[in-house]
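Trainee: Take a look at the letters that make up each chain.
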Amino acid sequence: MWTRTLAPAAFTLALFLAWEALCRALRIPLTILPSPSLVFSALWEYRAPIAANAVVTLWTTLAGFALATVFGLLLGIVVGWHRALYAAFYPVMVGFNSVPKVAVVPVLILWFGLGEVPAVITAFLISFFPIVVNVATGLATVEPELEDVLRALGASKLDVVRKVGIPRSMPYFFGSLKVAVTLAFVGAVVSETVGANRGLGKLMLDAQASFQVPIVFAGLLVLAFLGIVLYGATAAVEVRFTRWAFRGQAT
Amino acid sequence: MRDFVRLEGVSMAYGRGAGALKAVDGVTLSIARGEFAAVVGPSGCGKSSLMKLISGLHPAAAGTVAVEGQPVRGPLKCVGMAFQHSNLLPWRSTLRNVLLPLEIVQPYRSAFSKEKRAFENKAQALLRSVGLEGFGEKYPWELSGGMQQRASICRALIHEPEILLLDEPFGALDAFTREELWCALRDLQAARKVTVLLVTHDLREAVFLADTVYVMSGRPGRLLRRCEVPLPRPRDLEVTYTEAFQAVVHELRTLIGGLH
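Those protein sequences? They're chains A and B, same order as listed.
The opening residue of the first sequence carries number -18 in the numbering used here; numbering runs sequentially from there.
The opening residue of the second sequence carries number 108 in the numbering used here; numbering runs sequentially from there.
Since the hints were derived computationally from the structure, they do not count as laboratory data.
Do not take every clue at face value.
To be verified - 27 Å max Cα-Cα, derived BS3-like pairs, lysine-lysine:
hint : chain 1 : residue 1 : chain 2 : residue 2
1    : A       : K144      : B       : K221
2    : B       : K184      : B       : K300
3    : B       : K229      : A       : K144
4    : A       : K138      : B       : K300
5    : B       : K229      : B       : K184
Sequences and hints are given; from them, build the entire structure.
Mentor: And the structure:
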């Protein structure tokens, strides 16, 4: 009870109190760092537009994440299938992953226009890589003896992948989803900040342009909160589906 | 039929060309149907490579490998294998681990969904015969090392293979558990009349279980001696303390000891 709920709650509260105290003690100007009390009052005052834009950011994130999950799982299976495929794909994927996605957004806007599509695609592009790498690693590291046991029975490569490779890589897969979901969120917001007409990123950009700093911070708080919720949901799914990998960790 | 498994002048190497590592060199041996054969030798002598040859997982570089008079060209499904580590799948219950080969080997594979119930009963019976009754629903990590190894042997036997290949199956177990499993394996083999090739570095294990013990030299592995164990079977654990038993073990030990 203490470690699971009270400890994190107490730490979060302490963090906000310290922030508040710091702002008051040092008389930090509102335009540099607004105190949490101001941020929360801005959050309440502008709750309607913030909620509306948060919904947009949330769905673009989830859409991009869903695409990344399906595509990442499939590509991961292909890449992990054979050592040659792994070697062939890997450099290109690393190169692709190294391109800052902010730089891609203008191109996407050029292709698809302003709107939610570039945000969905950016969320997808930024988040599929860890999924591919993890699934491929899970498949590529199947114990050779185990593969021998199955191959001696006349199992095809497909059998080995289906019966052993995929179940075995599930903990890797779900582990990577936790990383991917936060990245997808980053991607969506980055895209909205570069060019969009709706979403939390766009809202914060507008607030910043008119020096409404408390609204910017309110947006950041909402982003942090949504990030925690998405992460928590993915982690719950992970435990649910790969209970066997969490053995020994008493529940 | 005398030669159920026959190796004639078989050599095998890992890799190709000048960098190839010769693992087995000119091995000739034959195992009769229902025979319990054991291969002993120093570590790295190609004992495990023999298993790969017979199961068809690795082709011979020279010579011929034949099972039931047919040359081996690819994986044989009449083979069951178990290794030093049980390699049970942690996401499957023990029962479903034992059932795994039936999901792959024909004709069971096609009948699997239809006759699942019957197959499960068969697996339960097999688990019962090695003292794992009531553990079918447990997951592998909930079993002790010895129990995992029993389950692993059940998995190797579920599709009723004619040859059981065991690669140091008891190597990771403590001495008491190991002796218990010797007896379990002895009884299983006696009941099913399966042909067994046991690879081990435990000479007592080889002499206790096998009809015939083959001694291999260090790398590249050659056969040094074929030794028929002159003790009547089935053997009791008590036999391991007799002079006759000790004499055989000592003879084998001398053969291997002289190699270093």
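Trainee: Take the hints in turn and mark each one as holding or not.
Mentor: Hints and how they fare:
With a C-alpha separation of about 19 Å, the suggested pairing of A/K144 with B/K221 holds against the 27 Å cut-off. Pair hint B/K184 plus B/K300 holds up; C-alpha atoms about 17 Å apart against a cutoff of 27 Å. Simply put, B/K229 and A/K144 have alpha-carbon atoms about 21 Å apart, close enough for the 27 Å limit, and the pair holds. Of the supplied pair hints, the one linking A/K138 and B/K300 is violated, its CA atoms being roughly 32 Å apart against a limit of 27 Å.
Under the criterion of a C-alpha separation no larger than 27 Å, the hint pairing B/K229 with B/K184 is consistent with the structure, at around 19 Å.
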